[in-house]
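Participant: Sequence:
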Amino acid sequence: MGTGAWNKEGIIIFGGRGRGPLYRVSQAGGVATEITSVDAQRGEAFHALPTFMPDGKHFIFLRNGSPEVIGMYSGSLDAKPTEQSLERIVAGPFAASYVNGFLFFMRESTLMAQPFDAAQMKLSGEPVPVAEHVGTTQSIGVFSVSPSGTLAYRSGALEGSYKVTWLDRQGKTLSTFGQTGFDQGIRISPDGTRGVVRDSGTAGIGDLWTLDFARGVRTRFTFRQGTGSNGVWSADGSRVIFATGSLMDTIYEKNSSGAGEEKELLKESGKIHMPYSLSKDGRFLLYSVAGVPKTGEALWVLPLEGAPGARKPVLLLATEFTERDPSISPDGRWIAYTSGESGRLEVYVRPFQASGTAGTPSLGEGKWQISKDGGSRPYWTAGGKEIIFQAPPNGTVKMAVEVKGAGSAFEAGVPQRLFTAPIDIGWDVTADGKRFVLNIPEAQQVAQAPITVVLNWQSQLKK
Numbered sequence: 001m002g003t004g005a006w007n008k009e010g011i012i013i014f015g016g017r018g019r020g021p022l023y024r025v026s027q028a029g030g031v032a033t034e035i036t037s038v039d040a041q042r043g044e045a046f047h048a049l050p051t052f053m054p055d056g057k058h059f060i061f062l063r064n065g066s067p068e069v070i071g072m073y074s075g076s077l078d079a080k081p082t083e084q085s086l087e088r089i090v091a092g093p094f095a096a097s098y099v100n101g102f103l104f105f106m107r108e109s110t111l112m113a114q115p116f117d118a119a120q121m122k123l124s125g126e127p128v129p130v131a132e133h134v135g136t137t138q139s140i141g142v143f144s145v146s147p148s149g150t151l152a153y154r155s156g157a158l159e160g161s162y163k164v165t166w167l168d169r170q171g172k173t174l175s176t177f178g179q180t181g182f183d184q185g186i187r188i189s190p191d192g193t194r195g196v197v198r199d200s201g202t203a204g205i206g207d208l209w210t211l212d213f214a215r216g217v218r219t220r221f222t223f224r225q226g227t228g229s230n231g232v233w234s235a236d237g238s239r240v241i242f243a244t245g246s247l248m249d250t251i252y253e254k255n256s257s258g259a260g261e262e263k264e265l266l267k268e269s270g271k272i273h274m275p276y277s278l279s280k281d282g283r284f285l286l287y288s289v290a291g292v293p294k295t296g297e298a299l300w301v302l303p304l305e306g307a308p309g310a311r312k313p314v315l316l317l318a319t320e321f322t323e324r325d326p327s328i329s330p331d332g333r334w335i336a337y338t339s340g341e342s343g344r345l346e347v348y349v350r351p352f353q354a355s356g357t358a359g360t361p362s363l364g365e366g367k368w369q370i371s372k373d374g375g376s377r378p379y380w381t382a383g384g385k386e387i388i389f390q391a392p393p394n395g396t397v398k399m400a401v402e403v404k405g406a407g408s409a410f411e412a413g414v415p416q417r418l419f420t421a422p423i424d425i426g427w428d429v430t431a432d433g434k435r436f437v438l439n440i441p442e443a444q445q446v447a448q449a450p451i452t453v454v455l456n457w458q459s460q461l462k463k
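Numbering of the sequence shown is given in our numbering, commencing with residue 1 and proceeding in unit increments.
Honestly, I wouldn't trust all of these hints.
The list that follows gives simulated cross-link-like pairs (lysine-lysine, DSSO-like), each with its CA atoms no further than 30 Å apart [stated by the list, open to error]:
(1) 404 with 280
(2) 372 with 385
(3) 404 with 434
(4) 385 with 404
(5) 367 with 385
(6) 254 with 267
(7) 172 with 8
(8) 122 with 280
(9) 434 with 163
(10) 80 with 8
(11) 163 with 122
Honestly, the hints are just simulated from the structure, not real lab data.
Input sequences plus hints: build the corresponding full structure.
Facilitator: Pasting the structure below:
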């Protein structure tokens, strides 16, 4: 989802990978500023995949969210984030492209084209099928249309061409699990024997499933068929915590065996929750809230023990920049997280403190940058002596950093590249840091999907 558009005046607009609004930034650099605003109360989850119109001022983009909202909308660089048009141009989960007076968009597996007035930002006439059996992946139709009249597209349903794959620390494939599918956001249980995945993106309709690695069994864990987050394991592997409900407004926990009912931990209408990490003693759940005005995403902690009145969410960090991916160290004294404060995503560590059983959790003084040339999704190894994270391009590079925390001081070594893998839709690392599991494309299936090139695509519209 992390795509953007570039106009002739040197303005770049872009969205995050499945979170937050659209931003603008000069090609010369500088601080990115919001140009759209995610309205969770309306049912929006995030904005992505913008395309500029010929005037370089107007653009179209995807508002992802509930069925009543999801689709392509128009925007303008001159409008305030909260004043962008709410009139849906095309309904559906796939992004659209504008070329030579036509809007190209997917309708299931068929590529459609419809006349589009770029000055009025309105469709006219009727949509016409241009190509059948066009592949899709997440919110993207796998096609490209040139103004000169060439259309290229990949055939076949690319959704479902991912496989759970085990790699060693050098990136060598060890084994695979199950059949190809579209499982995302895999998390490994603390003892490494099980996993939990989601069968769609967080903004898509789906459920969580557990994986028994030894038996090769995949079992449905939730039965909601709604939007939801990835799962988070408790330290003893007995529970899984996740968010779901109306655009993930509620956080639940459930016995990892699948038995029993879900227990509600927190419900906040209109807020999009993303649980990330549970402290080893089970006292604190770290999560982020997305779609926050002026920040994009902020870090929170939910106390899970003590009197009911003490189990209220506490804001840990909210700045003008996006903060996400919080991960608490095994000893509970440090938090690693991702921030965009430098102009790109980097991994940082800060002290975490909560005095006594009823103490209010907070961040202490001091901040250490862990990644060097971009990074996100940090994980601690079991001994707390290493942080593993993903790095550009597109998170395909897995990195490791030796760390040491003594008293109030924290030391981090030089990040070391472990391996580069294909673009994945979810990954995790075992507690000992020696094995990785990724949801990655199955090379053979992707290679066999043909690419079709059509010359003079305009002639297709006259049929």
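Participant: Broken hints, numbered, in rising order?
Facilitator: Numbers 7, 8, 11, in rising order.
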